[in-house]
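Chains A and B supply the protein sequences, listed in that same order.
With positions in the first sequence counted from 1, the corresponding number in our numbering is that position plus 74.
The letter at position 96 of the second sequence is residue 78 when you use our numbering, and the numbering goes up by one with no holes.
Hints listed in this document are in silico derivations from the structure and should not be mistaken for laboratory results.
Hints may contain errors.
Pairs of lysine-lysine residues, derived as DSSO-like cross-links and limited to a Cα-Cα distance of at most 27 Å, are as follows [as the list claims (entries may be wrong)]:
id, chain 1, residue 1, chain 2, residue 2
1, B, Lys(-12), A, Lys174
2, A, Lys174, B, Lys(-5)
3, A, Lys174, A, Lys103
4, B, Lys47, A, Lys103
5, A, Lys96, B, Lys(-12)
6, A, Lys174, A, Lys96
7, B, Lys47, B, Lys60
8, A, Lys96, B, Lys(-5)
9, B, Lys47, A, Lys96
10, B, Lys53, A, Lys174
11, B, Lys60, B, Lys49
Not close to chain A: a few residues of chain B, all C-beta gaps over 10 Å, as computed [unchecked claim]:
id, residue
12, Pro(-4)
13, Ala26
14, Gly27
15, Met28
16, Pro30
17, Ala36
18, Ala56
19, Arg73
20, Ala78
21, Val98
22, Ala100
23, Arg101
24, Thr102
25, Ile109
26, Gly111
Every value quoted in this text rests on a predicted model; they were computed, and no experiment measured them.
Just so it is clear, CB atoms sit at the ideal spot from N, CA and C, and this is done for glycine as well.
So you can see what is in the structure, the chains are spelled out below.
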Amino acid sequence: MTEFDADIPIVETYRGVGIHDKQDEARRKVVRADIDAVFAISRNRAALLAWIEDRRTAPESRLLARAFILAEVEEHKSARRAAPDVDVDRVNAMTVALGKQRCRSRTHYDSFYLPRPAPGSWNRPVERTSPLS
Amino acid sequence: MARGGKRPGAGRKPGSVNRPRVATSLGTGTDASQAEQVALFVAAGMEPSEIATAMDLTPIELRAKFKRELKHGATIAKAYLIARLDAALARGNAGAAKQLLGIIGTGGQHEAEPPVDARTAAALRLINGGRA
Chain A
75 MTEFDADIPI
85 VETYRGVGIH
95 DKQDEARRKV
105 VRADIDAVFA
115 ISRNRAALLA
125 WIEDRRTAPE
135 SRLLARAFIL
145 AEVEEHKSAR
155 RAAPDVDVDR
165 VNAMTVALGK
175 QRCRSRTHYD
185 SFYLPRPAPG
195 SWNRPVERTS
205 PLS
Chain B
-17 MARGGKRPGA
-7 GRKPGSVNRP
3 RVATSLGTGT
13 DASQAEQVAL
23 FVAAGMEPSE
33 IATAMDLTPI
43 ELRAKFKREL
53 KHGATIAKAY
63 LIARLDAALA
73 RGNAGAAKQL
83 LGIIGTGGQH
93 EAEPPVDART
103 AAALRLINGG
113 RA
């Protein structure tokens, strides 16, 4: 893997989920709470999809929500059942860059590849207290 | 014949394990203690500009002197802390033993993880770079 493709470094593992670096303890508490929330909705596909679309949530938790959705799709495949009604391409498009160093927004806890919602929109990513250098 | 006073050889010995490990003032002390400070600050989420200010260095000086700590600060700080816990354990600190066992015994995770079902296990494999 080249530097260009590198994953964001993980500084802590919480419930099996890596927490990204360059976040202070106050922020990491928020991330842990978001991870807990995703575990709580892990069987609710609609809730997981809504979580992924919610740009206010921690990227780590959106990646976990994606993983639960893809795990369900894989389960259906393995059991030769009809695939669940999920737009996997959209799920991937909304999340795949969230764990990559080169896609990391300097100013928000989000990927800079995702379009920034309009000012005043409810769905705005959380702004970092200080931009990444 | 004089009486009283300190017996020869009494008092803190040079190189005592109780000496401070890091400088009490930021930006002073040995390179090793400064490196440890930088690693701790990185692990706490401080930005390089903030660390440079605290250490009374320019950002360029900080990057030149502590490149490794800036890149891997969290890992280095964790290693320092585990080593300190081990040193405390060697001095008979029971609390340190418990904490160290908690870290090593659970592979560094926060606490013992509850058993997970197949879908959760698959999701965790996916998120950690494997396949479902």
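Checklist entry - Checked against the structure, which of the hints given earlier come out wrong? => result 1, 2, 4, 5, 8, 13, 14, 15, 16, 18, 21, 22, 23, 24, 25, 26
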